[in-house]
Amino acid sequence: MAKWGRCDYEQLKKLNKRLEQLMDSAIDKFIRKTAKELAGRLLNKTVKRTPVGVIPSYATDEAKSKYWSGYEGSNLRDNWFILPIEKHGDNYVITIANNAEYASYVEYGHRQKAGRYVPALGKKLTSSWVKGRYMLTISTQELERQAPKIIERKLYNFIKGCFDAE
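Just so you know, full-length UniProt numbering puts 5 at position 5 of the sequence shown, and the rest follows in order with no gaps.
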């Protein structure tokens, strides 16, 4: 009859304990932390792409001060913010928003009546369509390409940290 030997199950018990630890709130905490980092990166990219208004040049300072006195600019850029991360089923949702009333017009473009004189600009409008800048759209597409590498690196470090901990 063959002798099968001995087996020490202590290491398997430790592995099981660590896997149970992963299944608890640590996974949810990790996902929320990663989502928050991705949201921050998206916000940063979007803010950098957001245009800032430029005061047009006028023939006289009187016209400039009449329409543009007190103008500070960067209202659109300053109004970007991140809403709290939400969990819907198995999905985590990141929402980036802007409070400026005209944000969607700058993002997607808008119509205007060509030939209309605008005193604040000091000139007539020439085209009937103003192209959008797509600050958020382009930033989202760029982050979607980068996200797998970012998540993979963070997941590797998370799992490594769970198994290295004694």
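Be aware that a few hints might be false.
Cut-off 25 Å, straight-line C-alpha distance, at most; resulting in silico cross-link-like pairs (DMTMM-like, lysine to aspartate or glutamate) [as the list claims (entries may be wrong)]: (1) K45 - D61; (2) K160 - D61; (3) K17 - E107; (4) K33 - D164; (5) K33 - D90; (6) K154 - D90; (7) K123 - D61; (8) K36 - E107; (9) K45 - D8; (10) K36 - E142; (11) K87 - E10; (12) K33 - E107; (13) K36 - E86; (14) K154 - E101; (15) K87 - D8; (16) K131 - D90.
These are computed hints drawn from the structure, not numbers from a lab.
This structure is a prediction, so every number in the text was calculated from the model and none was measured.
Which numbered hints turn out to be false for this structure?
Result: hints 1, 2, 3, 9, 11, 12, 14, 15, 16 break, sorted rising.
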